[in-house]
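J.: Protein sequence lines correspond, in order, to chains S and Z.
The opening residue of the first sequence carries number 1 in our numbering; numbering runs sequentially from there.
The opening residue of the second sequence carries number 1 in our numbering; numbering runs sequentially from there.
It should be emphasised that the hints constitute simulated quantities derived from the structure, not laboratory data.
Given the structure is predicted, the values throughout are model-derived calculations rather than measurements.
For every residue, glycine included, the Cβ atom is placed at its ideal position computed from N, Cα and C.
One or more of the hints may lead you astray.
Derived list of chain Z stretches under chain S, where covered just means 3 residues or more per stretch with a C-beta under 8 angstroms from a C-beta of chain S [claimed, not checked]:
{"id": "1", "region": "50–63"}
{"id": "2", "region": "186–200"}
If we take Cβ atoms under 10 angstroms as the criterion, some of the chain Z residues that face chain S in the derived model are [what the hints assert, rightly or not]:
{"id": "3", "residue": "Asp41"}
{"id": "4", "residue": "Phe66"}
{"id": "5", "residue": "Glu67"}
{"id": "6", "residue": "Gly85"}
{"id": "7", "residue": "Leu203"}
{"id": "8", "residue": "Ala204"}
{"id": "9", "residue": "Leu227"}
{"id": "10", "residue": "His325"}
Across the chosen pairs, the derived CB separations fall in these ranges [stated by the list, open to error]:
{"id": "11", "chain 1": "S", "residue 1": "Leu111", "chain 2": "Z", "residue 2": "Pro178", "range": "22 to 28 angstroms"}
{"id": "12", "chain 1": "S", "residue 1": "Trp78", "chain 2": "Z", "residue 2": "Thr189", "range": "37 to 43 angstroms"}
{"id": "13", "chain 1": "Z", "residue 1": "Glu311", "chain 2": "S", "residue 2": "Gly175", "range": "37 to 43 angstroms"}
{"id": "14", "chain 1": "Z", "residue 1": "Thr189", "chain 2": "S", "residue 2": "Leu151", "range": "32 to 38 angstroms"}
{"id": "15", "chain 1": "S", "residue 1": "Ala161", "chain 2": "Z", "residue 2": "Ser148", "range": "24 to 30 angstroms"}
{"id": "16", "chain 1": "S", "residue 1": "Ser134", "chain 2": "Z", "residue 2": "Leu161", "range": "54 to 60 angstroms"}
{"id": "17", "chain 1": "S", "residue 1": "Met86", "chain 2": "Z", "residue 2": "Thr189", "range": "32 to 38 angstroms"}
{"id": "18", "chain 1": "S", "residue 1": "Glu5", "chain 2": "Z", "residue 2": "Leu161", "range": "28 to 34 angstroms"}
{"id": "19", "chain 1": "S", "residue 1": "Ser134", "chain 2": "Z", "residue 2": "Asp331", "range": "35 to 41 angstroms"}
{"id": "20", "chain 1": "S", "residue 1": "Gly335", "chain 2": "Z", "residue 2": "Ser332", "range": "48 to 54 angstroms"}
{"id": "21", "chain 1": "Z", "residue 1": "Thr303", "chain 2": "S", "residue 2": "Leu132", "range": "23 to 29 angstroms"}
{"id": "22", "chain 1": "S", "residue 1": "Ala301", "chain 2": "Z", "residue 2": "Pro178", "range": "48 to 54 angstroms"}
{"id": "23", "chain 1": "S", "residue 1": "Thr79", "chain 2": "Z", "residue 2": "Glu311", "range": "20 to 26 angstroms"}
{"id": "24", "chain 1": "Z", "residue 1": "Tyr246", "chain 2": "S", "residue 2": "Arg222", "range": "33 to 39 angstroms"}
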Amino acid sequence: MDLAELFQLFDSTMRNATPLLLACLAGLFSERAGIFDIGLEGKMLAAAFASAGVAAWAAAPYVADPFPGQISGLGLGWTAAWLGVMAGIAASMAMALLHGFASITLRGNQLISGVAINFLAAGVTVLVGEALFSMGGQTPQLTGGARFIGLTLPLADTIGAIPVIGPFYRDVLSGQVILVYIALLMVPLTAWILFSTRFGLRLRAVGENPGAVDTAGISVTRQRYAAVLICGVLCGLAGAYLSMGTSAAGFVKDMTAGRGFIALAALIFAKWKPYPALWACLLFGLLEAIGSKYQNVDVGAFVIPVQFMQALPYILTVVILAGFIGKATPPKAGGQPYVKER
Amino acid sequence: MKFVTALMGAAALLGSTVTAVADGHVEIKPAVIFDLGGKFDRSFNQASFEGAERFKQETGIEYREFEIQSDAQREQALRRFAEQGNNPIVVAGFAQQSAMEAVAAEFPDTQFQIIDAYVDLPNVRSVVFKEHEGSFLVGVLAAMQSESGTVGFVGGMDIGLIRKFACGYVQGVKSVNPDATVIQNMTGTTGAAWNDPVKGGELATGQIDQGADVVYHAAGGTGRGVLQAAADNGVMGIGVDANQNYLHPGSVLTSMLKRVDVAVYDAFKAAQQGKFEPGLEVWGVAEEGVGYAVDENNESLLTEDMIAAVEDAKAKIISGEIQVHDYTTDDSCPAS
Chain S
1 MDLAELFQLF
11 DSTMRNATPL
21 LLACLAGLFS
31 ERAGIFDIGL
41 EGKMLAAAFA
51 SAGVAAWAAA
61 PYVADPFPGQ
71 ISGLGLGWTA
81 AWLGVMAGIA
91 ASMAMALLHG
101 FASITLRGNQ
111 LISGVAINFL
121 AAGVTVLVGE
131 ALFSMGGQTP
141 QLTGGARFIG
151 LTLPLADTIG
161 AIPVIGPFYR
171 DVLSGQVILV
181 YIALLMVPLT
191 AWILFSTRFG
201 LRLRAVGENP
211 GAVDTAGISV
221 TRQRYAAVLI
231 CGVLCGLAGA
241 YLSMGTSAAG
251 FVKDMTAGRG
261 FIALAALIFA
271 KWKPYPALWA
281 CLLFGLLEAI
291 GSKYQNVDVG
301 AFVIPVQFMQ
311 ALPYILTVVI
321 LAGFIGKATP
331 PKAGGQPYVK
341 ER
Chain Z
1 MKFVTALMGA
11 AALLGSTVTA
21 VADGHVEIKP
31 AVIFDLGGKF
41 DRSFNQASFE
51 GAERFKQETG
61 IEYREFEIQS
71 DAQREQALRR
81 FAEQGNNPIV
91 VAGFAQQSAM
101 EAVAAEFPDT
111 QFQIIDAYVD
121 LPNVRSVVFK
131 EHEGSFLVGV
141 LAAMQSESGT
151 VGFVGGMDIG
161 LIRKFACGYV
171 QGVKSVNPDA
181 TVIQNMTGTT
191 GAAWNDPVKG
201 GELATGQIDQ
211 GADVVYHAAG
221 GTGRGVLQAA
231 ADNGVMGIGV
241 DANQNYLHPG
251 SVLTSMLKRV
261 DVAVYDAFKA
271 AQQGKFEPGL
281 EVWGVAEEGV
291 GYAVDENNES
301 LLTEDMIAAV
311 EDAKAKIISG
321 EIQVHDYTTD
331 DSCPAS
């Protein structure tokens, strides 16, 4: 394996890790505030659909008298993609609000509510998609301004001439879509919010000891809703990336394909901390890239079958969670609805 | 409830009595059932929809249709259609096999057709395709298009049927350029592999990074990502099942056609003429059941040499000079 091949692998890793990272940070906000969120998958799916649907509509030219099945849209340029992102975030936040309502206000079981979100998203996306576009639940293929394309970072070619670091900058860091950079920036931002602001302190406190927060005269309910909504925003970005920032260029039913659950595993692996979350997601992204690129690995004596390579991220999840990382302690009040003492 | 059942039974009796019209045609009530994915999936189901539409336009005979939404509906939908006296009933998709076996036995007077699977009953016509022959043809085109000598294949779920596509394709590529490299990737080993365009795009990008300049997919919804990745990277994609050339005009070299539309049209037509014959039909290149697509989106991409070569291969397959190996017969592929 030469350097170029290694960088191709890293390039693929970046793309694979982005939705995981966004979803992982989303889960981090929610779970740090004491709301377990198994519905990351569903929120991503809803966002992927909403953003692709709205972007396709916004980019389609306006037709005064459309024939059945033809879309009359807004005819927007690059703004269509951003409108799509906003729609994705809105859809994901609506789902998050539902989860919040069930688990904070109604004090329901958070795991069950999360599972329900996943089922709801899987059904609603196809139902609405079929009603709007009549393509078996898919959205039209996104073209032009309706999707994000790779950005070339400044001086990519100049710096690319420097050995080793240059090609890394040119081939791996540069050329990704903007949502990848947003995802990377979210890591320090999350760390700053959680550990350096008053809001973050309170957020962590409601996940550890909501009683204490309540005693201090701060609304636990409000704090938890805020966390759940931030989770919605980040899942929205993750979903928008899947349908608008990748080669999918549109929505296909169940297109999240388990990424929400991998993100959840990465979150536990990272012990609910932002920077470890970055490394965990990159690791899972790398494993996925390896599994895709080297499907039948010949190690001389025998050939490692493709099934094993593709199962690798999942096997690793089990191995890691079975105790390789030491004790992963979730937030103390996680999963427990807060009941004010009377 | 009993009354309703009795009514339905009566309706079934009435419906299945085939009435001959003066000109030798038979009065029919055709019906078609689409599989998961829906009739506008731009692939398999859309092809059966187009076949049914063609029949309707030519004859003016309306048909009933149903789109399966979940696995549980297969048998239910089929039985309902049969009870209502629809005849013939065409269903598309290998997943319908067990439902067909159950229902067709209950309604011996109704004519059924299943596509992509074989049901051995006296009132069922089964149409299956030689996908390996069609894949061979697009393999020939891929090899001639390729300048790097490396081409790619992205499959959906890792099952025998998809390996059959892959194997035919490899044989086609090697028949033109024995030194060519074919990079083969499967998306996954579960049903989710049909609906993961993100991974499809990732696999295709990986193959393109390794030098592939033509990528063929047999991956359902996942293929969307494959064709998009090919178009984004300035190389050629090859579509599957239905004609997918229009998805990215100029960047889809051709599509491996599976004439599901013809199979549906044929069933309706044969029934109308009173010539519906049950049994197994295997459609290959010779029967024009599989082939490659040429339309206004790709005619400028295919050179005269390419057309000549692929037509030559087609003739040789028909004459038997070229025997394309079918992966599913022995679970192995002579070329790789």
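J.: For each hint, tell me whether it holds in the structure or not.
T.: Now the hints, each set against the structure:
1. 50–63: violated (count 0)
2. 186–200: holds (count 10)
3. Asp41: 4 angstroms, holds
4. Phe66: 14 angstroms, violated
5. Glu67: 8 angstroms, holds
6. Gly85: 28 angstroms, violated
7. Leu203: 5 angstroms, holds
8. Ala204: Holds. Min distance 7 angstroms.
9. Leu227: Given a least distance of 9 angstroms, the restraint on Z/Leu227 holds.
10. His325: The hint is violated - Z/His325 has no Cβ within 10 angstroms of chain S, the shortest such distance being about 20 angstroms.
11. S/Leu111 x Z/Pro178: 22 to 28 angstroms: Distance hint for S/Leu111, Z/Pro178 is violated at roughly 57 angstroms.
12. S/Trp78 x Z/Thr189: 37 to 43 angstroms: Given about 39 angstroms between the Cβ atoms, the range holds.
13. Z/Glu311 x S/Gly175: 37 to 43 angstroms: Hint holds: Cβ distance 41 angstroms, inside 37 to 43 angstroms.
14. Z/Thr189 x S/Leu151: 32 to 38 angstroms: 35 angstroms, holds
15. S/Ala161 x Z/Ser148: 24 to 30 angstroms: 25 angstroms, holds
16. S/Ser134 x Z/Leu161: 54 to 60 angstroms: Because 28 angstroms falls outside the window, the suggested range is violated.
17. S/Met86 x Z/Thr189: 32 to 38 angstroms: Check passed, 37 angstroms falls within 32 to 38 angstroms.
18. S/Glu5 x Z/Leu161: 28 to 34 angstroms: Because 32 angstroms falls inside the window, the suggested range holds.
19. S/Ser134 x Z/Asp331: 35 to 41 angstroms: 39 angstroms, holds
20. S/Gly335 x Z/Ser332: 48 to 54 angstroms: For S/Gly335 and Z/Ser332 the Cβ distance comes to about 51 angstroms; the hint holds.
21. Z/Thr303 x S/Leu132: 23 to 29 angstroms: 41 angstroms, violated
22. S/Ala301 x Z/Pro178: 48 to 54 angstroms: Roughly 29 angstroms apart at Cβ, these two residues miss the hinted range, so it is violated.
23. S/Thr79 x Z/Glu311: 20 to 26 angstroms: 48 angstroms, violated
24. Z/Tyr246 x S/Arg222: 33 to 39 angstroms: Taking Cβ atoms as reference, Z/Tyr246 and S/Arg222 lie about 52 angstroms apart, which means the hint is violated.
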